[in-house]
Amino acid sequence: MATGPLRFRTPHIEELPTTGSRQAPGFAWVAVSGAQDDPAKNWGTSNRKRARASLGGPTDQQREALSARQQREVERKIRDLNSDNSKNAAELPIPKKEGGAGASTVARAGKTPNTKKILGSGKTFAHYLDDEEAEIARTGRRDVDVEAPTGAQRPSKTPLARRKTREESSMSGSPAPITPVAPPALPRISQALSFGETTTLDAEEEGDDAVPPLPSSAEMEALLNAPPLTYSQARSAPPTPGAPPPRRFCETCGYWGRVKCMKCGAMTCSVSCKEEHDQSKCLKMYA
Amino acid sequence: MARQKSLPSAPEASGHLADKTLIIDNGAHTLKAGLATHLDDTPPNLDSCHIIPNVIARSQRDKRTYIGPEYSDCLDFGELAYRRPVEKGFIVHWEAEKAVWERSFLHKDDAVVKCDPEETSLILTEAPNAPVALQRNADEMVFEEFGFAGYYRTIAPTLNAYAPSPFPSTATSVSGVPLECLLIIDVGHSHTTVTPLHHGRPFQHAIKRLEIGGKTLTNQMKLLISRTFDVHREDHIVSEIKEDVCFVSQDFNADLERVWRGGRYDPRAVDASLLVDYVLPDYETIKRGYARPHDPAVKLRDIMLGIGTEGGRREHVLTIANERFVVPELLFSPADIGMRQAGLAGMVLQSIDALPAGFRQAYLANILVVGGTSKLPGFVQRLESELRSLVDVDEVVRVARAEEPAKNVWLGGAGMAKSADLMRSLIVTRQEYAEHGDGWARRVFAGKARR
Chain R
1 MATGPLRFRT
11 PHIEELPTTG
21 SRQAPGFAWV
31 AVSGAQDDPA
41 KNWGTSNRKR
51 ARASLGGPTD
61 QQREALSARQ
71 QREVERKIRD
81 LNSDNSKNAA
91 ELPIPKKEGG
101 AGASTVARAG
111 KTPNTKKILG
121 SGKTFAHYLD
131 DEEAEIARTG
141 RRDVDVEAPT
151 GAQRPSKTPL
161 ARRKTREESS
171 MSGSPAPITP
181 VAPPALPRIS
191 QALSFGETTT
201 LDAEEEGDDA
211 VPPLPSSAEM
221 EALLNAPPLT
231 YSQARSAPPT
241 PGAPPPRRFC
251 ETCGYWGRVK
261 CMKCGAMTCS
271 VSCKEEHDQS
281 KCLKMYA
Chain E
288 MARQKSLPSA
298 PEASGHLADK
308 TLIIDNGAHT
318 LKAGLATHLD
328 DTPPNLDSCH
338 IIPNVIARSQ
348 RDKRTYIGPE
358 YSDCLDFGEL
368 AYRRPVEKGF
378 IVHWEAEKAV
388 WERSFLHKDD
398 AVVKCDPEET
408 SLILTEAPNA
418 PVALQRNADE
428 MVFEEFGFAG
438 YYRTIAPTLN
448 AYAPSPFPST
458 ATSVSGVPLE
468 CLLIIDVGHS
478 HTTVTPLHHG
488 RPFQHAIKRL
498 EIGGKTLTNQ
508 MKLLISRTFD
518 VHREDHIVSE
528 IKEDVCFVSQ
538 DFNADLERVW
548 RGGRYDPRAV
558 DASLLVDYVL
568 PDYETIKRGY
578 ARPHDPAVKL
588 RDIMLGIGTE
598 GGRREHVLTI
608 ANERFVVPEL
618 LFSPADIGMR
628 QAGLAGMVLQ
638 SIDALPAGFR
648 QAYLANILVV
658 GGTSKLPGFV
668 QRLESELRSL
678 VDVDEVVRVA
688 RAEEPAKNVW
698 LGGAGMAKSA
708 DLMRSLIVTR
718 QEYAEHGDGW
728 ARRVFAGKAR
738 R
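Note that the protein sequences, when read in sequence, are chains R and E. Residue 195 in this note's numbering is what sits at position 195 of the first sequence, and the numbering runs on without skipping anything. Residue 366 in this note's numbering is what sits at position 79 of the second sequence, and the numbering runs on without skipping anything.
Pulled out of the complex, with its shape left as it was, chain E reads as follows:
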């Protein structure tokens, strides 16, 4: 039964497709947002995708609150208190999310992506397996609070099928036509999901989720670094350390041996090529921390006082040894912290085993890795070698990372927005929402109702 929705302002009578489309890939760490239009044929440009931190942060030192894009204006990231509207990949706290969206899109002077919702369609992504109440909340907020002209909500991995394929042998895709078989591994901030897609539609029963993401890695890094220096409240700094020095080791056992100092009775020489000295920022002279190869001759105490450094500045230096590769190892064996889930390779195989047997080879050969955490050096190589060791010798395994792992979902959404026919078949306009209600809208997004 259609419930009449009462919208604050009357929707347009014609319900035609809006010219511009705002694509928001709403992640837990950052929003990837940008405009695209179906009126011209230029391929979507990665520069029009803006990465906006999805956070409200308050600094005790500045006594200022930074919302969304203002976060990069912060001069002192020490001891910031964070408030994230997205929990476990889903938008839960709409009050905060509304503040971030308004600051990013509706601010009259300083919007990152200037748009007028009444004349723009919205493509919004969500994480797979969302609780229904959260989907309902999102639909209501988009139409009733912001008043977008049209709206399409989908799970984030499906948009990857509309982005250009990174596999060298595949022909370039026409915009609006999805790739046929794709297995998306989205290594995100809150979790990692594996989604097999067929012509852009997911196999719902084969979507698997591992509860380890960039956030888990950062927190584990905080724990390990705090053995020498307490960094429990320095989320931003540890996140930068993780991005700068961490890598995925191809041979974990050998690397761990190389950096072991040895026992009391059998000391060993540590392989200094794996050690790194990280200079912490103090936001007075050093604005951003950086890493340099370990120099055993340097005395840490002297450096703290400013003796022997360039320009005589005081540097606080941390030596990071096995944390570099032990932390990303969590993705491949979550049992290290006691989590009872299979690692990434095991999860990929669980997902593929849930598919019909005829598709097994097709999906093993088309594995696409996206997500910010996949930028760790050595990630793709390690995943590929682990998968290869778990499947038969004569099965082909191809794993590729998107060129811009963080923006690839947005790129797919922009590719989708270029095709007016595709948009017309997917978008629910305000007028239709007002007539038919939110239950009908959810059925359309699930593919169960024809428009």
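This is chain R alone, in the form it adopts within the complex:
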């Protein structure tokens, strides 16, 4: 019976952060096997180094998978970096300009009901984003006035995993655009188009295999008239999985980080920087 803290051998589940980064991998499974993962040897371990070395997996990806707390820290730091530092600025009053008293109050509030609502609303960008996502979830398209309804085809009941892509289906080769509901399929249009393409704009390429054909004007129109992506869809994707791991720098001087502080996880480059870190910046001062 374990008298120390309970150690649960759960698979390593990576918590998806709530703000963006939807392209992050869902989770990484840890292969629970081998003598070193024997829970009997780990119980009561408060030494984080030992716990980290045993809970982390053999592959690089598992070692890199940050714990949920660290991930929250990183997200918070990124949010701070992208903020306007305007904690107190929302209350900055806009001074009345000198002028006729009656005219200025009318002008401040807005001339029509629509503008009054706009000028008086205190919504931030995050509110607008959430509203838009709720709208898309409700109606299935981004802009009710601009985009045509997608009711022309029956909504497919085939699960996503079993739907054939346009390349594999027998209908491939037609220039009709794919609806914006499936944005990952859009890059595949380029292969399908250039594959099934017969008429080209460039007459010289008949004999030249190296130059790929340009799409026909119908496909160009389809591409250019496609509706814009939503704000979250337009974020650029994470780097390819083969990319080198993220670089860490020394907290004190900015050189490469070479050693990791056991208590707080910050990296420093040398003994002198590490001592500086221990004296003033290490979290053990507050914890």
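One thing to keep in mind: the hints can contain errors.
Stated by the list, open to error - List of simulated lysine-lysine pairs, BS3-like, C-alpha gap at most 27 Å:
no.	chain 1	residue 1	chain 2	residue 2
1	R	Lys260	R	Lys77
2	R	Lys111	E	Lys307
3	E	Lys662	E	Lys735
4	E	Lys586	E	Lys662
5	R	Lys116	E	Lys662
6	E	Lys307	E	Lys350
7	E	Lys395	R	Lys111
8	E	Lys307	E	Lys395
9	R	Lys77	R	Lys123
10	R	Lys281	R	Lys263
11	E	Lys395	R	Lys116
12	R	Lys111	R	Lys77
13	E	Lys401	R	Lys111
I should point out that these hints are in silico values taken from the structure, not numbers from a laboratory. If you're wondering where the values come from, they're calculated on a predicted model, not measured in any experiment.
With chain R's structure known, arrange chain E on it following the hints.
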């Protein structure tokens, strides 16, 4: 169904094209605004583009609030509280934006660009992938609150296609005719976007956005400088430091080695050519900070007391070493702060990969860099070398920065405004807006409805 819009004053009956056009490139950091007209043929002049800080700032020391253009009148930039109407590139707080616009354009004595909205058309830019509600807000504010005679809203990168091309081999463009293939990298204040354009029209599914911009770089600079001296609330001063001393390194690893002091047991000589002494402004004798090469003989404490400086003034000096190139490095590897996005070169390739294969070479050879943050020295060179290392050897990669990166979008808008035919096909007049409503106007701006 057309909703009847009620406008405060009756629109003109004829709905003709107004003579003058006000082009506003509405950025998060500054507005670039100026007038252009289609009545004469002179090419658009960069001097008519005014850069107006898009901010409302309150100074605790002066007890004054500076709106828009008044910001440059401020004598003491220390510890200013900011309020920005534009968030993440989109106009969200219209109350503040209206105050800035009114101060810049409608002020009776001191307007930066004097114009009468009832007789002026407006070209307004927005960032790509805007939430629809924000677009609707902008349309309503322009027509119903300000009452412009005509209006065209577009995403900012498309206007670059109408500006003169910086590539030396391209023929000079006729005003009103867009360039054929252009890949715009807009390195702005809130974010960086990559937009491929075909005859001035964007490929919507290939527009990508990196959430690092000038603001991120300034904040990171604040963090790094605060290791020695706390500058967390000095937004303006750190922004100036960033503009003065930062550069993009061509060989990051080598530069980092050069300025390392070494460990305790293997100290190294620091390459002093990369170090910089920055003199902070105190707004009494020194009005604007400046940088000078590092002088190790100078004792900082003496200088603080005014010993050994010119005129005996007290100087507060910061030594800036690897922050100079570590901060702009964020644009090329956002993973340094933990962001899970590819760097600038990777994002350009993601965008190009989303295009039809036949266009790949065309767009790799026509990459235009605009935006204030691209003024960092060494930026274009580094981007070009990174792209070249990621593509095949026989593909041509040409990257150029616009001559005036901050004003290039405005220049394109002015070039567009010169052509009366183009304007007539794009502009939605007040009368049409009143008849057909805002949904129709948005369809026109998206290119879905013919006028």
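Is the straight-line distance between the alpha-carbon of lysine 662 (chain E) and that of lysine 735 (chain E) 27 Å or less?
It is violated: about 37 Å lies between the C-alpha atoms, which goes past 27 Å.
With a cut-off of 27 Å on the C-alpha distance, tell me whether lysine 401 (chain E) and lysine 111 (chain R) pass.
22 Å, holds
Does the structure keep lysine 116 (chain R) and lysine 662 (chain E) at a Cα separation of 27 Å or less?
40 Å, violated
Starting from lysine 111 (chain R), check that the Cα of lysine 307 (chain E) is at most 27 Å away, please.
24 Å, holds
Is the straight-line distance between the alpha-carbon of lysine 395 (chain E) and that of lysine 116 (chain R) 27 Å or less?
24 Å, holds
Given the hint that lysine 281 (chain R) pairs with lysine 263 (chain R), test it: the Cα-Cα distance must not exceed 27 Å.
Since the Cα atoms of lysine 281 (chain R) and lysine 263 (chain R) sit roughly 11 Å apart, the hinted pair holds (cutoff 27 Å).
Would the hint linking lysine 260 (chain R) and lysine 77 (chain R) be met if the CA-CA limit is 27 Å?
19 Å, holds
For a C-alpha distance cap of 27 Å, please report whether lysine 111 (chain R) and lysine 77 (chain R) respect it.
41 Å, violated
Under the criterion that the straight-line Cα-Cα distance not exceed 27 Å, is the pair lysine 307 (chain E), lysine 395 (chain E) satisfied?
With a Cα-Cα distance of about 19 Å, the restraint between lysine 307 (chain E) and lysine 395 (chain E) holds, given a limit of 27 Å.
Is the straight-line distance between the alpha-carbon of lysine 586 (chain E) and that of lysine 662 (chain E) 27 Å or less?
Judged against 27 Å, a Cα distance of about 33 Å means the pair is violated.
Do the alpha carbons of lysine 77 (chain R) and lysine 123 (chain R) lie within 27 Å of each other, as the hint requires?
Roughly 23 Å separates the two Cα atoms, so the pair holds.
Are the Cα atoms of lysine 307 (chain E) and lysine 350 (chain E) separated by 27 Å or less?
With Cα atoms ~38 Å apart, lysine 307 (chain E) and lysine 350 (chain E) exceed 27 Å; violated.
Of the numbered hints given earlier, the model fails hints 3, 4, 5, 6 and 12; all others are met.
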